[in-house]
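Chains W and P supply the protein sequences, listed in that same order. Taking our numbering, the leading residue of the first sequence gets 135, the next gets one more, and so forth. Taking our numbering, the leading residue of the second sequence gets 4, the next gets one more, and so forth.
Since the hints were derived computationally from the structure, they do not count as laboratory data. For every residue, glycine included, the Cβ atom is placed at its ideal position computed from N, Cα and C. Possibly wrong hints are sitting among the right ones.
Said to hold, decoys possible - Mimicking SDA-like on lysine to any residue, the simulated pairs with C-alpha atoms at most 20 Å apart in a straight line are:
hint: 1; chain 1: P; residue 1: 232; chain 2: P; residue 2: 115
hint: 2; chain 1: P; residue 1: 201; chain 2: W; residue 2: 228
hint: 3; chain 1: P; residue 1: 201; chain 2: W; residue 2: 137
hint: 4; chain 1: P; residue 1: 232; chain 2: W; residue 2: 338
hint: 5; chain 1: P; residue 1: 232; chain 2: W; residue 2: 258
hint: 6; chain 1: P; residue 1: 201; chain 2: W; residue 2: 233
hint: 7; chain 1: P; residue 1: 201; chain 2: W; residue 2: 223
hint: 8; chain 1: P; residue 1: 201; chain 2: W; residue 2: 338
hint: 9; chain 1: P; residue 1: 201; chain 2: P; residue 2: 184
hint: 10; chain 1: P; residue 1: 147; chain 2: P; residue 2: 224
hint: 11; chain 1: P; residue 1: 201; chain 2: P; residue 2: 212
hint: 12; chain 1: P; residue 1: 268; chain 2: P; residue 2: 257
hint: 13; chain 1: P; residue 1: 232; chain 2: W; residue 2: 222
hint: 14; chain 1: P; residue 1: 232; chain 2: W; residue 2: 335
hint: 15; chain 1: P; residue 1: 201; chain 2: P; residue 2: 98
hint: 16; chain 1: P; residue 1: 232; chain 2: W; residue 2: 139
hint: 17; chain 1: P; residue 1: 268; chain 2: P; residue 2: 215
hint: 18; chain 1: P; residue 1: 133; chain 2: P; residue 2: 151
hint: 19; chain 1: P; residue 1: 201; chain 2: W; residue 2: 330
hint: 20; chain 1: P; residue 1: 133; chain 2: P; residue 2: 161
hint: 21; chain 1: P; residue 1: 201; chain 2: W; residue 2: 329
hint: 22; chain 1: P; residue 1: 232; chain 2: W; residue 2: 223
hint: 23; chain 1: P; residue 1: 201; chain 2: W; residue 2: 140
hint: 24; chain 1: P; residue 1: 201; chain 2: W; residue 2: 354
hint: 25; chain 1: P; residue 1: 232; chain 2: W; residue 2: 233
hint: 26; chain 1: P; residue 1: 232; chain 2: W; residue 2: 136
hint: 27; chain 1: P; residue 1: 201; chain 2: W; residue 2: 315
hint: 28; chain 1: P; residue 1: 201; chain 2: P; residue 2: 213
hint: 29; chain 1: P; residue 1: 201; chain 2: W; residue 2: 138
hint: 30; chain 1: P; residue 1: 201; chain 2: W; residue 2: 222
hint: 31; chain 1: P; residue 1: 133; chain 2: P; residue 2: 205
hint: 32; chain 1: P; residue 1: 268; chain 2: P; residue 2: 98
hint: 33; chain 1: P; residue 1: 201; chain 2: W; residue 2: 226
hint: 34; chain 1: P; residue 1: 232; chain 2: W; residue 2: 329
hint: 35; chain 1: P; residue 1: 232; chain 2: P; residue 2: 52
As the list claims (entries may be wrong) - What follows is a set of in silico ranges between Cβ atoms, one per label pair, in the way DEER data are often shown:
hint: 36; chain 1: P; residue 1: 212; chain 2: W; residue 2: 161; range: 46 to 52 Å
hint: 37; chain 1: P; residue 1: 230; chain 2: W; residue 2: 272; range: 29 to 35 Å
hint: 38; chain 1: P; residue 1: 245; chain 2: W; residue 2: 152; range: 35 to 41 Å
hint: 39; chain 1: W; residue 1: 154; chain 2: P; residue 2: 165; range: 44 to 50 Å
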Amino acid sequence: MVDLWDGLTQAFWLVLTGDPELAEIALRSLYVTLTALAIACVIAFPLAAFLAVRRFRFRRLIIAILNALMGLPPVVVGLIVYVLLSRSGPLGVLGLLFTPTAMIIAQVIIIVPLIASIAHQSLRDLWQEYHDLLISMNVSQRQKMRTLIWDARRALLTAALAGFGRGIGEVGAIMIVGGNIDNVTRVLTTAIALETGKGAFALALALGFVLIALTIAINLTIHWLGQTEREGRW
Amino acid sequence: MKRFLFVATLLWATAAQAQDSMRMAVTTSFHNSGLADVLLPEIQADLGLEVQLLIVGTGQALRLGEAGDVDAILVHSRAAEEAFVANGYGTHRREIMYNDFVIVGPSNDPAAISDAADANDSLQGIADAKVPFVSRGDDSGTHKKELSLWIDAGLDPTGFGDWYRAVGAGMGAALNTASGLNAYILSDRASWLNFSNKGDLALLFSGDPVLFNQYAYLPVNPALHDHVKSDLASRLEDWLTSERAADLINGYTIDRETLFIFNAKTD
């Protein structure tokens, strides 16, 4: 209990004094997860729309696999990416291991299935509504997908936020592929794991509270941005 | 979005502009001792070299070296290190310094090891009393040391009962577990002194020469991996074996206790 209170006060002081080290790892956390999120959305939204409008043989199978992969264990993803990017692995020549890029790659793999599954769910419902209209207008497959994605944007925002949540709090994969190197790949979650390992619970908790506050702030910001956009458009 | 891209490129730039930097895998016990925080800034100042530390167990450090993912390793498990060099993964093994292992346990000491004659005797006492003992269980240098100590005492850890808990975690996490269970554990002195969640644990046994813990520096073989920065690795080696490093290492204390003793042989 004492640790919890110490953690809270320490978090307060760290933020108040603008601790440069904290700012650096917090920014790196955001950089890694937001980049991964942007890439994942670019992959997941069209994929979800495609699965909604197109009927083909392995559609059900792909959807089932996507849903299953939502529970992909980050440690396993980390290990696979590690083996691929290791100097003795197939992509070793790129020299990406233990860089923020490697962490982004791992997080993209982790959050794409989550975003695609949630996005597909809402796009499918919307497609039932739009189906007759769009078919009668005789629009192309691409236009159908684009319409669905645009009109379901609020639901897709939720999907993206779910992906962000999974990415920002993730530690298993980025610990393995990033290596938790000070000043290079240390982010909030790996710093928390490190401080816990040193038995410095108060500092670990302080970083944890900063992480939670950051997540809430980002969510609020995105919601706020989403709303202003909607008012302007509608 | 623009702002975010700006921050992103800024981070990219800072990551890319690090001119002279090398990666070294070190053990958790070395990092937890706090010595790295003393040495790294000095290395940066003297050599203009940024050493990026990967803090892992000895087992994983050796694997990173084998794969060529790091430029050098600093570990403490002699047999494994010699095999590493013999298999051609490292160019050579250079002893740098040593510290010692200690046996930590509940302060009321139910296995009465604090007055044991030697390390054998104290482990025998723990096994006889069947009091909880936390083992690293992660193939690290400390774990290997602990296993060899049990075998020296004529005991087989695989046959131990419930009281022997292999947690498969780093030094700090294992100490946390021991603190929670109020169990015995083998730790290096530095990690123990630097550990802030001691709870009811106390240092009970130390001083037997078999508990000495030699750290060695092994540059990764550039013949196997041509991207390995062997010139930087050898500059770092020269620094680590220099008078300057000796003073810093011997002068590093926690609670006025000397932790490491420099013993590199100069050529």
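Comparing the hints with the structure gives:
1. 232(P) / 115(P): violated (50 Å)
2. 201(P) / 228(W): Roughly 44 Å separates the two Cα atoms, so the pair is violated.
3. 201(P) / 137(W): holds (13 Å)
4. 232(P) / 338(W): violated (34 Å)
5. 232(P) / 258(W): violated (53 Å)
6. 201(P) / 233(W): Between residue 201(P) and residue 233(W) the Cα gap is close to 35 Å, so the pair fails against 20 Å, i.e. violated.
7. 201(P) / 223(W): Violated, at about 41 Å.
8. 201(P) / 338(W): The hint holds at about 16 Å.
9. 201(P) / 184(P): holds (12 Å)
10. 147(P) / 224(P): violated (24 Å)
11. 201(P) / 212(P): Status violated; Cα separation ~25 Å.
12. 268(P) / 257(P): Roughly 25 Å separates the two Cα atoms, so the pair is violated.
13. 232(P) / 222(W): holds (16 Å)
14. 232(P) / 335(W): violated (37 Å)
15. 201(P) / 98(P): violated (31 Å)
16. 232(P) / 139(W): This hinted pair is violated, its Cα atoms lying about 46 Å apart.
17. 268(P) / 215(P): holds (17 Å)
18. 133(P) / 151(P): holds (19 Å)
19. 201(P) / 330(W): Holds, because 13 Å separates the two Cα atoms, which is no more than 20 Å.
20. 133(P) / 161(P): It holds: about 14 Å lies between the C-alpha atoms, which stays within 20 Å.
21. 201(P) / 329(W): Given that 20 Å is the threshold and the Cα spacing comes to 14 Å, the pair holds.
22. 232(P) / 223(W): Answer holds: residue 232(P) to residue 223(W) is near 19 Å, not above 20 Å.
23. 201(P) / 140(W): holds (17 Å)
24. 201(P) / 354(W): Outside the cut-off at roughly 40 Å; violated.
25. 232(P) / 233(W): Holds. Residue 232(P) to residue 233(W) sits at ~17 Å (cutoff 20 Å).
26. 232(P) / 136(W): At roughly 47 Å apart (the allowed maximum being 20 Å), residue 136(W) and residue 232(P) break the hint.
27. 201(P) / 315(W): violated (26 Å)
28. 201(P) / 213(P): violated (25 Å)
29. 201(P) / 138(W): With a Cα-Cα distance of about 17 Å, the restraint between residue 201(P) and residue 138(W) holds, given a limit of 20 Å.
30. 201(P) / 222(W): Cα-Cα ~41 Å, so violated.
31. 133(P) / 205(P): holds (18 Å)
32. 268(P) / 98(P): holds (8 Å)
33. 201(P) / 226(W): violated (42 Å)
34. 232(P) / 329(W): Outside the cut-off at roughly 30 Å; violated.
35. 232(P) / 52(P): holds (12 Å)
36. 212(P) / 161(W): 46 to 52 Å: holds (49 Å)
37. 230(P) / 272(W): 29 to 35 Å: violated (56 Å)
38. 245(P) / 152(W): 35 to 41 Å: Holds: the Cβ-Cβ distance is about 38 Å, inside 35 to 41 Å.
39. 154(W) / 165(P): 44 to 50 Å: Holds, at about 48 Å.
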